[in-house]
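Enquirer: Top to bottom, those sequences are chains A and B. Residues in the first sequence are numbered from 500 upward in steps of one, following our numbering. Residues in the second sequence are numbered from 500 upward in steps of one, following our numbering.
Rather than coming from a laboratory, the hints here were simulated on the basis of the structure. Among the clues, some could well be false.
Treat identical chains as interchangeable: a pair holds within one or across any two.
Unchecked claim - With a straight-line cut-off of 25 Å between C-alpha atoms, the simulated SDA-like cross-links for lysine to any residue are:
no., residue 1, residue 2
1, LYS630, TYR642
2, LYS556, PRO684
3, LYS582, ILE553
4, LYS616, ASN635
5, LYS582, ALA715
6, LYS556, GLN586
7, LYS523, HIS501
8, LYS657, GLY557
9, LYS556, LEU541
10, LYS582, GLN634
11, LYS523, LEU675
12, LYS600, LEU538
13, LYS522, GLN621
14, LYS600, ASP539
15, LYS616, ARG696
16, LYS616, ALA546
17, LYS657, THR573
18, LYS657, ALA546
19, LYS522, ASN651
20, LYS657, PRO697
21, LYS630, ARG536
22, LYS523, MET693
23, LYS600, PRO507
24, LYS556, GLY655
25, LYS522, ARG637
26, LYS657, HIS706
27, LYS616, GLU682
28, LYS556, ASN602
Computed from a predicted structure; not experimentally measured.
What follows is the residue order along each chain.
2 protein chains.
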Amino acid sequence: MHRLYHLPLSPACRKVRLALAEKKIEVELIEERPWERRLDFLRLNPAGRVPVLITDKGQTLAGANAITEFLEETVPEPPLLPKDPFQRAETRRLVDWFDDKFNREVTENLLYERVTKRLARQGYPDGACLKAGSQNIRVHLDYVTYLLEGHNWLAGPKMTLADIAAAAHLSCLDYLGDVPWEEYPAVRDYYAVMKSRPFFRSLLADHLPGFPRPPAHYADLDF
Amino acid sequence: MHRLYHLPLSPACRKVRLALAEKKIEVELIEERPWERRLDFLRLNPAGRVPVLITDKGQTLAGANAITEFLEETVPEPPLLPKDPFQRAETRRLVDWFDDKFNREVTENLLYERVTKRLARQGYPDGACLKAGSQNIRVHLDYVTYLLEGHNWLAGPKMTLADIAAAAHLSCLDYLGDVPWEEYPAVRDYYAVMKSRPFFRSLLADHLPGFPRPPAHYADLDF
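Pulled out of the complex, with its shape left as it was, chain A reads as follows:
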């Protein structure tokens, strides 16, 4: 069986877990706290970051982008990228949107400040970051609303890696109660469909010891 070194509330790790589950690939999860800089883990990934996937053939793959592209190339069904090269580029643009832009403007300001800093004992949340994250998420949810006007999924008529990347970030922030769903009904409905897919369930069962439980709607499929 594949093994995945991961952190429960890491969007990069959740993206890989969702892609694995959608492709019906079983995986053993191993929690890794990268800030402890465990030597055996640094040997697997000198970048010192999760996710790292060890395949059942013993190959080591590091980084969410390398892993998801590998999965797409080796387990084509169901496809998580469209066939047409231009549509693939549009999907990858949106994946980068979440993993880079959304990550810097929203996720790092909220999740890093409130969760990682505490777990890694790196100090207290910075109020200015929390405020910026809370403002920025609204700009991004406006953009998601706009994207959903033309079709059911972010990059077109079918679910793709772009939706998986978006759901990975939104699910982490939702755990913290940081997504103002009531202001964005179209995004809420879209995310509810995503959440109701079978492959989403294992994520929603995660619990972070020492932190408040997620809001009641977090694992509720009809929120």
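Chain B: place on chain A using the hints.
Expert: Using the frame of chain A, we list chain B on its own:
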């Protein structure tokens, strides 16, 4: 002809220019200063960032990763990714190493502080960032030296996108005189081979008005 909205000293844009040149695809370069937030440019890429490629068919592609993967899919020769999925994952891991880790730890500390801030009138360079960048680049050059021990190119026996990503960052920093080549002879020799390839020349002819000229060795193929 394709058109590329770019900035001369942006590693992301240089990566795309190098990939285009290696695949012998002609392109018209259009300089875009993203911080001016020009409305027509934001319509092309709502993320407001370069590079953006407009193909000769009028398709708009945004982001270095989406563009380079598109080029690889539509113009397969010469290949910039290996054939084997595991080797492709290793190549993409190294591309991410430069575009994410090296970028955050080195390029942003040196290039953003010294060039972008001045061009965009966002203030003066932060000494702590410059110091961190100058320390961090040595750790990265150690790692590049280690990677080159086993083979001629970063990801194996052939040149790949990983080398192009590395060269894109190194060439920008070299323009500023920020690469301590004399301490890293193996990396210098490797970069000299890269620089001597025909597709590298147009990059080295770039000149940034208002900034000191690059060091004498910058465009010298036998440095």
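Enquirer: Which of the listed hints are not met by the structure?
Expert: Going through the list in order, the structure violates hints 2, 5, 10, 11, 13, 15, 25, 26, 27, 28 and respects the others.
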